[in-house]
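With chain G held as given, fit chains A and L onto it using these hints.
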Amino acid sequence: MKSTVNFLWNRFTMREALLLGFCATFIVLTKATLRMKLGISGHSMLFLMFFLVLARGIVPKTGAAVLTGLLAGAISIALGLAHKGPIIMLNFVLPALVLDCGGIFLPNFMTRYLSCIIISGLAAATKGVSGALIELFAGAPMDIVLVKGFFESLGGIIFGALGSLAVPAIIRKLQTNRLIPSSNGK
Amino acid sequence: MRRRMTGSDYACQYRAVDSPVHRLPAGWKMLISTALSVWILVVREPTPLFLATVSCLLYYFLARLTVRDFWRDTRYFLVQFCILISLFVYREGYPAGVWPGVRTSLQIVLFFIPGIVFLRTTQVSSMMKGLRKVVPYRILFLLFTSLRFVPFFAREMQEISMAQKLRGARLSPTEASRPVFWRDIFSCLVLPLLVRAMKTADEAALSAQARGMGSRSERTYYDVRELEAYLATHQKDGIATADPKNGEGICPARTSSGGETLTK
Amino acid sequence: MLTVTNLSYTYPEEHQPSLKDISFTVAGGECVCFNGHSGCGKTTLLLALKGLLAEENLEGTIKYGGAPMNREEILAAVGLVFQNAESQLLCSTVFDEVAFGPENICIPPAEIYQRIVESLTAVDLLEFGNRNVERFSAGQKQRLCIASVLSMHPRVILLDEPTSQLDGKGKSDLLKTLRLLKSQGISIIIAEHNIEPFTGIIDRYYLMAAGEITSVQDHAPEEYRYGYGTSTPVERRKRPADSSEPLVSADSVFVSYAGSANILNSVSLEIMPGELLHLYGENGCGKSTLLKTMAGAIRPDSGLLTISGRDFPKAGGLLGIVALLFQNPQRQLFEDTVQDEIAFTLKRLELPTEKIERTVEFTLTLCEVIHLKDRLPLTLSFGEQHRVALASVIAPDPKLLLLDEPFAGLDPTQRLRLLKILTRLREESNTAIVIASHDPLPDPCWADRIITMQNGEIVPPEVSPL
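Residue numbers (our numbering), protein chains in the order written: chain G, 1 to 186; chain A, 187 to 450; chain L, 451 to 916.
The shape of chain G in the complex, shown without the other chains (with noise of 0.2 Å):
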C-alpha cells in the first residue's frame, strides 16, 4: 500500500516528504505554544533540533532535515510567526544543512547519544550564523561579532544538544514497533 515511487528530488516518497511536512508543523505548533505559555526564548531550540533530528531518523535519506528545516521556515512566514522577517529562513535551514552533512558522515547518528548531541550542539551553533553574517556586513569587527555570537548561541546549543537528547530513545521505540525500518542511512 506504501508507494515506493518517489515523488520529490528523486528521493523522497510522497509519504516520507509528508512525513517530513508534520514535522515541520511539529517545529512551527511547539514554537507558537512554548511563546505563548512560557515566553522564554531558547527554549524553542530544544523542540527545533528535536524534531530536526527527529525528521533525519525517521526519513533517514540526505536532505530529510535540510526538507524539514525549509517547509518549517515557510510555514513560520506564512503563519506570522517570522519576527525577524523571511531572513527567519536561514535559521531553519542551516542548522538542518549541518544535520544532513552529520547523517552523511555518521549515517546513524541520531541513534546514539554523544554522536546526537555534537552534531545537534553544533547545528544549533548555526543558528546565530546568519545575525553574525549581518553584523559583519553592517560593518562590525570580527571579534564583537564572535563574543556576541558565542554569548547568543550559548542558551541555543545547550537547549538544542538536550532536545535532540530524547531522539535515539523515540527512533528505537519507532523501529522496535516496526513504524520506520530498522536499517539507518542512505
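Simulated from the structure, these hints should not be mistaken for laboratory data. Among the hints, a few may not be true.
[As the list claims (entries may be wrong)] Here are the computed lysine to aspartate or glutamate pairs in the EDC-like style, where the Cα-Cα straight-line distance is at most 20 Å:
1) L:LYS513 - L:GLU463
2) L:LYS797 - A:GLU361
3) A:LYS385 - L:ASP786
4) L:LYS621 - L:GLU732
5) G:LYS61 - A:ASP388
6) L:LYS764 - A:GLU345
7) A:LYS385 - L:GLU463
8) L:LYS470 - L:GLU509
9) A:LYS385 - L:GLU577
10) L:LYS823 - L:GLU834
11) L:LYS797 - A:ASP370
12) G:LYS148 - A:GLU278
13) L:LYS764 - A:GLU361
14) A:LYS385 - L:GLU834
[Unchecked claim] Some residues of chain G that are not near chain A, with every Cβ distance over 10 Å (derived):
15) THR13
16) THR62
17) ASN108
[Said to hold, decoys possible] Label pairs and their computed distance ranges (CB to CB):
18) L:ASP653 - A:ARG411: 39 to 49 Å
19) A:TYR407 - L:SER718: 51 to 61 Å
20) L:ALA660 - G:ASN10: 31 to 41 Å
21) G:SER182 - L:ARG585: 37 to 47 Å
22) G:PRO181 - L:LEU754: 30 to 40 Å
Just so it is clear, the structure is predicted and the values come from calculations on it, not from any experiment. Ideal Cβ positions, reconstructed from N, Cα and C, are used throughout, including at glycine.
Same frame as chain G, but now just chains A and L:
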C-alpha cells in the same frame, strides 16, 4: 467565567489595511525590500546612512503601519543592541565606542525592516501565487498541505495531551517546565503524536495519489477570482449548474448550456 | 460496467493473501455493498480497484467498459472516498479541495470552474465555496471528499466506511448525494459495516471473509443491518435500586469556548453509582464537552458540578475516580508492552507493586487481552488497540467511566464485545458507565437510561427520538 483566548498581535503579522505598499505586487515588494536591505548594510557615512534610514522608515510608514507596530516588530532587537553597544564600548572605550555601536545596531534593525514590511503587507495567498512561478509545484504542495494540517495537529496535540493528563501524565505547563517531567512530554505526548502523524501521512499520501498528485511534471492552477466571476456570471444568466432532472451532471461527456461539448 | 475477475492480492510483507479470487461486476448506475468483519479485505479491494496497490503482487483482471485501463485512465475514471475524511482533505478551502484533482491532471482552468460548480452542487456545498474546511462538520467533510472526487469525472465511485463518523443528519445527506449520483449513471461501491442508511439504494450485497466473497445476496444481511452481531444481546443482571448519593451531580452547568456560543446550556443531570447511561445526540450537540467537563478536563463557566463528592474538580484531582476513553483511543498508546500500558496510571497513583500486578492481570482478563500482555501495543490491530486503551483507563477501577463514541471503526462483533466487557465491569466494580454516541447502541436494551442532547441542552425524555 469565560475562558479567554490568549490573544497577541505577533510581529510581522499581515496588516489588513490599504496602502500604496499593499497594492504593489509581491514580486516588486520583494525586490524593493532586498534593495533597501542591501543599501542599509553597505552604507557607512552619516549622510548616506541618514538617507537610507529615512527611506526605510518612509517605506514602513507608507504601508500605514503604526508606531505600535514598529515597536512590536523591533523590540526583539533591544537586548541585542544593548549587548552590541556594550561590547563596542568595552572594546573601544567610552565614549569612542558608543557611536559605532549605535550605528551598527541601527543598521541591523533597519536591515530587517523592509522584510518585515513585506510580510506585513503581503497576504499569504499572494505570496503563494508568486511562489508558483519560482518554486516547483511538489514543494508547494508539501507547504500547502503542511499548512492545512496545522490546526489538525494542534487539535490532536490538545486531545492527546488531555487524554494522557487524565491518565496521570505530567503535561501541565508548570510540570512541563521541570526537566524531571520531560520524559512524559516525549513518551506520552510526542510519541503518540508522531504515530498519528505517520498514519496521517499514509492516508494523505494515498488521497493525493488517488487524485493524481505527482502523476505529471506540471499542473494547472485555477484562479479564485475568475471562479467567482464565473459563478456570478452563471448565476446572473440563470444558466443551470448541473441539473439532474435535465440529465446533466457529473458525467464524463456532457453538453453545457452553451452547446460546447466538454470531455474529461 | 466494471468487471473484476479472479482478483488476488498479497501485501509485500505478508504471507497470506488479503484478496482471493474476487470476481464480480457492477453496471453503470448500480450500487453494491461489501460487508464483512474488520480485516476481511474490503479496504484492500477498494485500493485494488483504484489502482493504488503494487501491480506486481496483484493477480486477476479489472476491466472498465470491457477493457483494462492503465493507471492514468483509472485516475480519472475511478474515485475513492477514504474512511477518514479529515486526512483525505489536503487543502484549506472548499474550492481548492475540489480543484485539486483536475489541477493535477492538467485540466484547463476554464473547465475546472465548471467542474467545481457541478461537483459542489451535487453535494449541496456550493454556498460554502471559499470557506475553510476546518469549520466543517464530519458530514460536510465527507460530502466535500465526494465532491473532490466527482470533479475528476469518475464513472465509478468507491466509498470506504463512509458513515463511521456520521450522525443521522450526515447519513441522510450522504444518502441524498449517492441517490443523485446513482441516477446519473455512476457506479457506486460501498464497503461498510453499518448498511442501514443505504438499504434503499443498494442493489446487491457481497459478504466477505478472509479475503473471499462468501455470498452474494440482494437483501441486507441481518448481521450488519443495525450494526448488531448475530449473538444474543448482552446479558446483564438488573441493577438493584440504589439509594446512595449520586456519583455525578450537575446543576445548570454552562460551558463555552472563546469566541463561540455556549456549548453546554444549563445542563442538569445526576448519575448514580453503577448506572449504565447512553448519552445520545447528533454531532456537535455537546456530548464530548459534557464528558470532558465531568472528567474535570474542562471547567464550567457557571453552575454547580459535583463528582464523587468533589466540587468543580480538576483533571488531576479525579485520577483513579473518573476515567475517560476518548474517540480513537489508540492515539494514547505509547508503552513498550500492553502490561506496561495498563499499569501506567496505577504507577502514577503510586500503588504497591503487588497490587499493580494483580490489577493488571485482572484488567487484562476483563478486557480479553490477556493473550496480548507482552505484545507491543502499537503493533496490534485496531480492535485490539481499542481494548488495550480501554483496559488502560479502567485499570484504576474508576467509579465513573466515560466513553466518547467508542464504536467508531468497530465491526458489529467488536461492538457487542465491548458492551459485554463494560457490563462485566459494572458487575465486578459497580462502575457507572456513560457511553456518548450519535447512533443507537448495538444492544438497545443495554442502558439503564438514555439521555438525549440537542444544541447543548438535555432534551426531556418525552421528546427524545430514542
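Hints and how they fare:
1. For the proposed pair LYS513 (chain L) and GLU463 (chain L), the alpha carbon gap of about 27 Å is over 20 Å, so the pair is violated.
2. Restraint check for LYS797 (chain L) and GLU361 (chain A): the C-alpha separation of about 17 Å stays at or below 20 Å, so the hint holds.
3. Taking the CA atoms of LYS385 (chain A) and ASP786 (chain L), the gap is near 19 Å; set against the 20 Å cutoff, the hint holds.
4. Taken as a hint, the LYS621 (chain L) and GLU732 (chain L) pair is honoured in the structure, with Cα atoms around 11 Å apart against an allowance of 20 Å.
5. Our distance criterion of 20 Å between C-alpha atoms is met by LYS61 (chain G) and ASP388 (chain A), whose separation comes to about 18 Å.
6. For a cut-off of 20 Å, the pair hint linking LYS764 (chain L) to GLU345 (chain A) stands: about 16 Å separates their Cα positions.
7. For the proposed pair LYS385 (chain A) and GLU463 (chain L), the alpha carbon gap of about 18 Å is at most 20 Å, so the pair holds.
8. Distance check on the hinted pair: LYS470 (chain L) and GLU509 (chain L) sit about 9 Å apart at the alpha-carbon level, within 20 Å; holds.
9. Between the alpha carbons of LYS385 (chain A) and GLU577 (chain L) the distance comes to roughly 32 Å, so the proposed pair goes past 20 Å and is violated.
10. Between the alpha carbons of LYS823 (chain L) and GLU834 (chain L) the distance comes to roughly 11 Å, so the proposed pair stays at or under 20 Å and holds.
11. Between the alpha carbons of LYS797 (chain L) and ASP370 (chain A) the distance comes to roughly 13 Å, so the proposed pair stays at or under 20 Å and holds.
12. For the hint pairing LYS148 (chain G) with GLU278 (chain A), the CA-to-CA distance comes to about 15 Å; that is within 20 Å, so the pair holds.
13. For the hint linking LYS764 (chain L) to GLU361 (chain A), the alpha-carbon distance of about 15 Å falls within 20 Å, and the restraint holds.
14. This hinted pair checks out: LYS385 (chain A) and GLU834 (chain L) have alpha carbons roughly 17 Å apart, not beyond 20 Å.
15. With 10 Å as the threshold on Cβ separation, the claim that THR13 (chain G) sits away from chain A is violated: the shortest Cβ distance comes to roughly 7 Å.
16. THR62 (chain G), annotated as away from the interface, keeps every beta carbon of chain A farther than 10 Å; the closest lies near 17 Å.
17. No beta-carbon of chain A is positioned within 10 Å of the beta-carbon of ASN108 (chain G); the least distance is around 19 Å.
18. Distance hint check: the CB atoms of ASP653 (chain L) and ARG411 (chain A) are about 44 Å apart, consistent with the given range 39 to 49 Å.
19. Between TYR407 (chain A) and SER718 (chain L) the C-beta distance comes to about 54 Å, which sits within the given range of 51 to 61 Å.
20. Taking the beta carbon of each, ALA660 (chain L) and ASN10 (chain G) are about 40 Å apart, inside 31 to 41 Å as hinted.
21. At about 42 Å, the beta-carbon gap between SER182 (chain G) and ARG585 (chain L) stays in the expected band of 37 to 47 Å.
22. Look at PRO181 (chain G) against LEU754 (chain L): about 55 Å separates their beta carbons, and that is not inside 30 to 40 Å.
Hint check: violations occur at hints 1, 9, 15, 22; the rest are consistent with the structure.
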